[in-house]
Amino acid sequence: MQINESIENYLERILILQQEKGCARSVDIAAALGVTKPSVSHATKLLRENGYIEMDSDNSLLLTDTGSEIAARMYERHKTLAAFLMHIGVSRETAFADACKIEHDISAETFDAICRHAKGTQA
Numbered sequence: 001m002q003i004n005e006s007i008e009n010y011l012e013r014i015l016i017l018q019q020e021k022g023c024a025r026s027v028d029i030a031a032a033l034g035v036t037k038p039s040v041s042h043a044t045k046l047l048r049e050n051g052y053i054e055m056d057s058d059n060s061l062l063l064t065d066t067g068s069e070i071a072a073r074m075y076e077r078h079k080t081l082a083a084f085l086m087h088i089g090v091s092r093e094t095a096f097a098d099a100c101k102i103e104h105d106i107s108a109e110t111f112d113a114i115c116r117h118a119k120g121t122q123a
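Here the sequence shown stands for residues 1 to 123, numbered as in the working numbering.
It should be emphasised that the hints constitute simulated quantities derived from the structure, not laboratory data. In this text the structure is predicted, and so the values were computed from the model without any measurement. Where hints are given, some of them may not hold.
[What the hints assert, rightly or not] Result set (PhoX-like, lysine-lysine): computed pairs, CA atoms no more than 25 Å apart in a straight line:
| id | residue 1 | residue 2 |
| --- | --- | --- |
| 1 | K37 | K119 |
| 2 | K119 | K79 |
| 3 | K21 | K37 |
| 4 | K79 | K101 |
| 5 | K45 | K21 |
| 6 | K45 | K119 |
| 7 | K101 | K119 |
I would like the entire structure built from these sequences, with the hints used as guidance.
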C-alpha cells in the first residue's frame, strides 16, 4: 500500500486521539477529519489489512509499530511547521491549518532546514 496524504492523516489523527482521549474510535476520527463514518470504515479496513492499525475488543483503534512510526513522524512535522509559522507571525489557527497541508508535501531537505533554523532562533 502506498502511503499517501489520506493515510498519513488517518494515522496522525489516531495518534492524537489516543494522546488526548486515551483511545481512538471511528466516530471520533470521522468528526475530527470531517469525513463520513463509511469513509472511516473503508480507510480503517485498508489500514488493518496493511498492518498499520489493529482493533481491540471494544473497537478502539490501535497503531501498530509501523503505523505509530508514520503517525509520530507526521505529527512531529505538523507541530514543528506550525511552530515555525507562528514564529514568523502567522496566527495559531492558520499556522496549524497550513502545517497540515504542508507536512505531506514538503521535502526532507526543506523540513530539515526549517528545523535547523528553528533551533537557531531558540538559542
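Going through the hints against the structure:
Restraint check for K37 and K119: the C-alpha separation of about 40 Å exceeds 25 Å, so the hint is violated. Restraint check for K119 and K79: satisfied, since their Cα atoms lie roughly 14 Å apart, inside the 25 Å limit. Note on K21 and K37: the hinted pairing holds, with a Cα-Cα distance of about 19 Å set against a maximum of 25 Å. The straight-line distance between the Cα atoms of K79 and K101 is roughly 12 Å, inside the 25 Å bound, and the hint therefore holds.
Between K45 and K21 the CA atoms are separated by roughly 22 Å; this keeps the pair inside 25 Å, and the hint holds. For the hint linking K45 to K119, the alpha-carbon distance of about 40 Å lies beyond 25 Å, and the restraint is violated. As the CA atoms of K101 and K119 are separated by approximately 22 Å, the hinted pair is consistent with the 25 Å bound.
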